[in-house]
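*Asks:* The primary structure of each chain is shown beneath.
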Amino acid sequence: MAFATVPEFRNPEGPLYHGGALAYALLAYGFGMAGLFQESWLVNALSTLLLGHGMTVAAYMIHECGHNTIFKQNTNNARLGKTLTWLCGAAYGTYEDIRYKHFRHHVDVDDVVWFDYERYFKEHPVALRIIETLEWWYIPAHDLLMHAIMVFTSFAIPERRDQRARNVTVILIRGSIFFAVLYFYPKVALLYTVAYMIMMTILRFMDSLQHDYGYHLTLFTKETPPRKGDYEFEREHTFSNPQSLDIEWLNWFTLNFGFHNAHHAKPITPWWKLPAVHHELFGDDPTIVIPFWSQLKIFHKFRVTRVNGGSADRDAADADAWGSEFLKAAREGRVSGGNAASFLTSF
Amino acid sequence: MKRWECQICGFVYDEAEGLPDEGIAAGTRWEDIPADWACPDCGTSKSEFKMLELVA
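Residue numbers (this note's numbering), protein chains in the order written: chain A, 1 to 347; chain B, 1001 to 1056.
So here's chain B without its partners, still in its complex pose (with noise of 0.2 angstroms):
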């Protein structure tokens, strides 16, 4: 599992806990995520976003 963080507004997307509240369930890969998709924190776009680290 990764993380993956906005490098706009630190918002940090973590692949194990998903986004329940925007309809991405627990376990979605980054990849798997539309192109389209945006920052919730700040709308940013998903190429904004940068992996943070490795998660076991």
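Here chain A stands alone, though its shape is the one from the complex (with noise of 0.2 angstroms):
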């Protein structure tokens, strides 16, 4: 996938900033796979760290792109995103579908989707036992749900059919280099399949506690949003869960997603600006932002629960008028946050 002409950064901090997520994202991703290949175990497990770490900035560069923050040039951030999809293991869908996914999620105020969980689990309750056991483990087999019906999602979903073609290469190409590392390097395989679960645990670690919205069917329907351009609900609704408020580099960790206010506020804020967009709209209160040893306690604690957590949540108020109970709930460690938010599954 070429470049027409070398593409123009839109910001002029963009290639220290954007240009070193980048590098790095593509340089963990290749050192961390030949670190797979090693015989000593201790790079192994360095390397498992590096490549999962390396496919998370790459997922939070494809929501860059998908906000346009990168090049000046919108084709050449839609180019790029649909790159990075190869890296995440988001390439089974389109990026079109994606972006209109997360787009809904900001401008209707609400999240939109096409699969009812919940129903799922209802009717199906020894996939939900067997999801459960496995998040008792840490292993995050809801999310592991999510992501296989996206490999499948031209089979899964009926308004996507016309992109069988399409679906069936990428699940060729992926598919068959997947098995052919597992059948001559299977410890490769495997540790990157750890990778994998790395990436999708962090990037649901950071999606859990954003919003206290319930899910709406709405994906595919073409109904009025009730809550559309409601930005004082939406500012209500958000959370945000840095890594740390006194030492900023540790929210580089995630590419600043835990000031998710600052993004919601201002969505086409570069990643880097964020903290100063917090700061600009909250000061320095600490207590408006939900403390990370509490994301930690309640990422441990309700890892089980939270596989239906999300509607509990709601039951103990009605959402409307959640808020900031919810805020103080979380800060207080005392609610379980929601699971299949990931911007990587777009249905």
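Source of the hints: derived by calculation from the structure; they are not laboratory data. Because the structure is a prediction, the values reported are computed rather than measured. Some hints could be false.
Coverage of chain A stretches by chain B, computed from C-beta distances (three or more under 8 angstroms per stretch; other residues unrestricted) [stated by the list, open to error]:
1) 67 to 73
2) 99 to 109
3) 261 to 269
Here are the in silico distance ranges between beta carbons for each label pair [said to hold, decoys possible]:
4) B:1031 / A:288: 34 to 42 angstroms
5) A:120 / B:1051: 41 to 49 angstroms
6) A:138 / B:1045: 37 to 45 angstroms
7) B:1038 / A:300: 37 to 45 angstroms
8) B:1051 / A:305: 46 to 54 angstroms
9) A:155 / B:1038: 28 to 36 angstroms
10) A:130 / B:1038: 38 to 46 angstroms
11) B:1001 / A:164: 42 to 50 angstroms
12) A:332 / B:1045: 34 to 42 angstroms
13) B:1030 / A:155: 38 to 46 angstroms
14) A:179 / B:1045: 42 to 50 angstroms
Sample of chain A residues facing chain B (criterion: CB under 10 angstroms; computed from the structure) [to be verified]:
15) 10
16) 77
17) 228
18) 229
Positions of the beta carbon are idealized from the N, C-alpha and C atoms, including for glycine.
From the two separate chains plus the hints, produce the assembled complex.
*Replies:* Here it is, written out as structure tokens:
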């Protein structure tokens, strides 16, 4: 996928920050993959972490591409975003579908989906039990289910039947590479899978507390979204979960995605400017964010109940009235948060 | 001629180019685009756009 001309960064600081993040993602992916082939288990372990984090940064750069924060020409943002979906195992569906769902999230002030996992779990209690058991072992089974559906997106989702040729091509390319590696280098295939689950875990760790909206099955419907443009509701029901307010560089681990109120207030702000926007909007008030230790506590304590936990939270209070109460409860580690909200799974 | 940027998705409306695919001819000024027009990329309202820069 060649660029016709050298893409021009949208922001003068882009070469440093966007370029740095891209270089890191690519190098981490390359060196991480190479490290999986080494004999040393220590190198294998470090490479698995590096690969997982490289894919995580690549995923957040897809998010940047989606908001067109990187290059001046939006066609170049799209080209890069599409390329990065191959690194993150998100190429089975289309980049356009990833963006469509993500912008419905922003513009409709809602989580619009196609897959009703709560209903699925009610109808398949054995699957729920298996997923809860795996989640107890910190295996991100709920999101593995979501990504499995994503792999077969054109077969699972009737509205995407027209993507079948492309979908099958990606399955054949990625599947043949994975199974060839599994056959000749089973350890590498296993560690790659672990790295992929590390990426999933980081992404959903960040996603799980950023909104207290319920989800609505309106991804493919044409009805008028009831909260479209209600940015006051959006502000009240969006929460920031940075790694730290004191040590800014720690948030680079997830490209400042934890400054989520800032992102929703000014969605085309590039990732390195989000802390400044956060300070501009909220000052230095630490009570406006969910502390990292509370995030960790929630991640650990509710890892099983979170599989159906989104609804449990909403049952605790009317979602429209939740807002500040959710923030208070989250700061005290009393909400479960939700799973299956990744922007990589576009349904 | 002016350029206007969607503050949600980064889509840019260039008055010089218009949006022929959307039925907006080249040279159409921002003020002449209907108020109920929505961003063709993300669907947000016209009011979410900001002027980007003046183009000679």
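*Asks:* For every hint, state whether the structure bears it out.
*Replies:* For each hint, the structure was consulted:
no. : hint                               : in the structure
1   : 67 to 73                           : holds (count 3)
2   : 99 to 109                          : holds (count 5)
3   : 261 to 269                         : holds (count 3)
4   : B:1031 / A:288: 34 to 42 angstroms : holds, 38 angstroms
5   : A:120 / B:1051: 41 to 49 angstroms : holds, 47 angstroms
6   : A:138 / B:1045: 37 to 45 angstroms : holds, 43 angstroms
7   : B:1038 / A:300: 37 to 45 angstroms : holds, 43 angstroms
8   : B:1051 / A:305: 46 to 54 angstroms : holds, 49 angstroms
9   : A:155 / B:1038: 28 to 36 angstroms : holds, 32 angstroms
10  : A:130 / B:1038: 38 to 46 angstroms : holds, 43 angstroms
11  : B:1001 / A:164: 42 to 50 angstroms : holds, 43 angstroms
12  : A:332 / B:1045: 34 to 42 angstroms : holds, 37 angstroms
13  : B:1030 / A:155: 38 to 46 angstroms : holds, 44 angstroms
14  : A:179 / B:1045: 42 to 50 angstroms : holds, 48 angstroms
15  : 10                                 : holds, 8 angstroms
16  : 77                                 : holds, 8 angstroms
17  : 228                                : holds, 8 angstroms
18  : 229                                : holds, 6 angstroms
The structure shown violates none of the earlier numbered hints.
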